[in-house]
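Trainee: One-letter residues, chain by chain:
Protein chains: 2
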Amino acid sequence: MPQTKKIRIAIDAMGGDHAPQSVVAGAVLAEKCYGDFIELILVGQAGKIALELQTLGAEKLPIEVVHCDEVIGMGDEPAESVRKKPNSSIVVGLQLHKEGKADGFISAGNTGAVMAASLLTLGRLKGVNRPAIGSFFPTEKGSAIVLDVGANSDCKAINLYQFALMGALYFSQMFSNDNPRVGLLSIGEEKSKGNELTIASHKLISTADLNFSGNIEGRDILKGKVDVVVCDGFVGNIILKFAESIESFLGELVRRRVRSNIFAKIGALLLKPAFKDLKKNLDYAEYGGAPLLGINGVSIICHGGSSPKAFKNAVRMAKTMIEKNLNDQIENRIAASGSFIASDLKVKQS
Amino acid sequence: MPQTKKIRIAIDAMGGDHAPQSVVAGAVLAEKCYGDFIELILVGQAGKIALELQTLGAEKLPIEVVHCDEVIGMGDEPAESVRKKPNSSIVVGLQLHKEGKADGFISAGNTGAVMAASLLTLGRLKGVNRPAIGSFFPTEKGSAIVLDVGANSDCKAINLYQFALMGALYFSQMFSNDNPRVGLLSIGEEKSKGNELTIASHKLISTADLNFSGNIEGRDILKGKVDVVVCDGFVGNIILKFAESIESFLGELVRRRVRSNIFAKIGALLLKPAFKDLKKNLDYAEYGGAPLLGINGVSIICHGGSSPKAFKNAVRMAKTMIEKNLNDQIENRIAASGSFIASDLKVKQS
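Heads up: the sequence lines are chains A and B, in that order.
Numbering-wise (our numbering), the first sequence opens with residue 1 and increments by one.
Numbering-wise (our numbering), the second sequence opens with residue 1 and increments by one.
Derived from the structure by calculation, the hints contain no laboratory data.
Using N, Cα and C, we set each Cβ at its ideal position, and we do this for glycine too.
Take these hints with a grain of salt, some might be off.
[As the list claims (entries may be wrong)] Cross-link-like lysine to any residue pairs, in silico, SDA-like; alpha carbons within 20 Å at most:
(1) Lys193/B - Gly75/A
(2) Lys156/B - Ala200/A
(3) Lys191/A - Lys191/B
(4) Lys241/B - Gly214/A
(5) Lys241/B - Lys156/A
(6) Lys191/B - Gly214/A
(7) Lys156/A - Asn195/B
(8) Lys241/A - Lys156/B
[Said to hold, decoys possible] Interface residues of chain A toward chain B, partial, derived using beta-carbon atoms under 10 Å:
(9) Glu59
(10) Leu61
(11) Thr139
(12) Asp154
(13) Lys156
(14) Ile158
(15) Leu197
(16) Arg219
(17) Phe234
(18) Ile239
(19) Ile266
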């Protein structure tokens, strides 16, 4: 009987605020859930990883460990650290992926370094001008993906056009939704509203074979007006970080109220499950991570504070992307729009 | 005994979702609170205004009514409607201000039209390149002003530099704070992080005599890391509208939970005052309105859904700006930085 080849995913064991503890615990969780379909490789300082596996009583699980000494810190300068630390868990893990020893890579380490090393090691998909980070946002109706949330701080219309294509493909594969609604984040709904970038991007995206809802406004993201929100990485990153701060802000407001009132205190206790729900809905780690779309491989960037559950979800995300051949689809889609892009670029350059 | 001249404020009675009802009720509230220092002029369809005053039993209050027929609708194209409706409450109200018959103007009408008409009728302050809309955000520590939130979708460094100066002056006058902290909204705290605009703006703002905290990130706004948040009107407007949508999003999440659970229901009832508090904290109308800073006059733009209390607060805001001669201070401050600006512009143009 022929054996189906398992999907192999390398995980940076040294990345994140609670590494390697949380990462190893997440890998153990993922192995238990998806072990029939995947093989995990933990990349990092073998001694520390072994200790964590032992603590969890998981030494016997079929999780491979690839040792490397160096660690890129959260505060290290991305490009420089990637160059200066070739034996770091990020660089080694991505190298395994490049050499075909792993089919994907996950890290909760220094975002800039993961991004730089992914680009450097794996390169871009054919036709993709700029890769983008896609992050899930909770909405009143479910989830939406926002991209780019930080890979590109200055963009051109062609970039946003490709983000729209990649985001729609990604969303459709992750949610089995054939026709996701795509919106361009701007100010004002009319196509003439926005800044120079969005006005030019609106024109380009309108020509694509997409379920394009046109411009959306800041208020439409959480409302769930669209499934895919397209913006440059500067705007996307600011919105993402603003959204991440809402929970702490609300907590502070409620705490102030509750401190001075016994009824409010009881109310808060009774509502605890609802608040927990809320927290979960606002906790981006629950989605697993944010893929770097447009690179020639699967590289998923997790939140620094990722829980074991978040790592498990990131493994599921990588698994789905690999199973569905998302990158082939992106290349085909970009190629199909190729001649158009080329003529557009010509216009821009002339 | 010499009589102190009262401050005269014109209010667009026809602007906003609940006009003229809410506006007239707000004017009555303001007259009762600040009548010793101000005189109000309601601008709009006199018959309708009279009816509202009558309903409120306020016919005898010393509120002047200036009649005009036309109304600029919320959906009207701003620049065009200002040109085509010279007898609209927005244009007539600003004209009163220009002629010195009023010292300030307040409207909850079509934002774009108020902006366009203010610029056209009143002009800019000497030295100001671009006026900006400043909007208050609640923070964990109190309030911060974010500017620009929508007047300028494409900015240059010199604009953000002037927003920083104007925002700091405005905040210091409104909160009697001599040394407000100013932050430049960007991605990453290092001065080298951000997009082309913020990197250039960081350099310029660093040279100003301001309590400049450098770059701040999206998460720092609600945390209250700074008092004045500087950004272009595209980013500011998206953040403002995103923030305004949080309340509805949270409400939906809590409702879903509460519907299925009796304990949660009781909890929600007991926590109602806390939620009301929250709503108030997230309700931008509570701040009164958002001033258009940098124009040669006082023009305050209110939220379309403004309550009577919001209009009252907007009157207080206008009163403070006029009493403190904010515009003189802005002109002086801009003039003091004038030679510097001129040399910078020369560099940009060369």
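Trainee: All hints are to be evaluated individually against the structure, with a verdict given for each.
Mentor: Hint check:
For the suggested pair Lys193/B and Gly75/A, the alpha carbons sit about 13 Å apart, so the restraint of at most 20 Å is met. Between Lys156/B and Ala200/A, the direct Cα distance comes to roughly 19 Å. Compliance with the 20 Å bound is thereby established for this hinted pair. For the suggested pair Lys191/A and Lys191/B, the alpha carbons sit about 34 Å apart, so the restraint of at most 20 Å is broken. A hinted pair counts as satisfied when its Cα atoms are at most 20 Å apart, and Lys241/B with Gly214/A qualifies at roughly 17 Å.
A threshold of 20 Å between alpha carbons decides the hint, and for Lys241/B with Lys156/A the separation of about 24 Å lies outside it, so the pair is violated. Restraint check for Lys191/B and Gly214/A: the C-alpha separation of about 34 Å exceeds 20 Å, so the hint is violated. The suggested pairing of Lys156/A with Asn195/B holds, with an alpha-carbon distance near 13 Å, which does not exceed 20 Å. Pair hint Lys241/A plus Lys156/B does not hold up; C-alpha atoms about 24 Å apart against a cutoff of 20 Å.
For Glu59/A, the interface hint is violated, the least distance from its beta-carbon to any beta-carbon of chain B being 39 Å, above 10 Å. Of the supplied interface hints, the one on Leu61/A is violated, with its beta-carbon coming no nearer than about 37 Å to a beta-carbon of chain B, more than 10 Å. Checking Thr139/A against chain B by beta carbon gives a least distance of about 8 Å; that is within 10 Å, so the hint holds. Because the smallest distance between the Cβ of Asp154/A and any Cβ of chain B comes to about 5 Å, under 10 Å, the interface hint for this residue holds.
Annotation: Lys156/A was flagged as interfacial toward chain B, and the flag is violated, the nearest CB pair being 12 Å apart, outside 10 Å. Of the supplied interface hints, the one on Ile158/A is violated, with its beta-carbon coming no nearer than about 17 Å to a beta-carbon of chain B, more than 10 Å. Because the smallest distance between the Cβ of Leu197/A and any Cβ of chain B comes to about 8 Å, under 10 Å, the interface hint for this residue holds. Because the smallest distance between the Cβ of Arg219/A and any Cβ of chain B comes to about 4 Å, under 10 Å, the interface hint for this residue holds.
Taking 10 Å as the C-beta cut-off, the interface hint given for Phe234/A holds, the closest approach to chain B being about 5 Å. Using the Cβ-Cβ criterion of 10 Å, the hint placing Ile239/A at the interface with chain B is satisfied: the shortest such distance is roughly 6 Å. This hint holds: Ile266/A has a C-beta 6 Å from the nearest C-beta of chain B, less than the 10 Å allowed.
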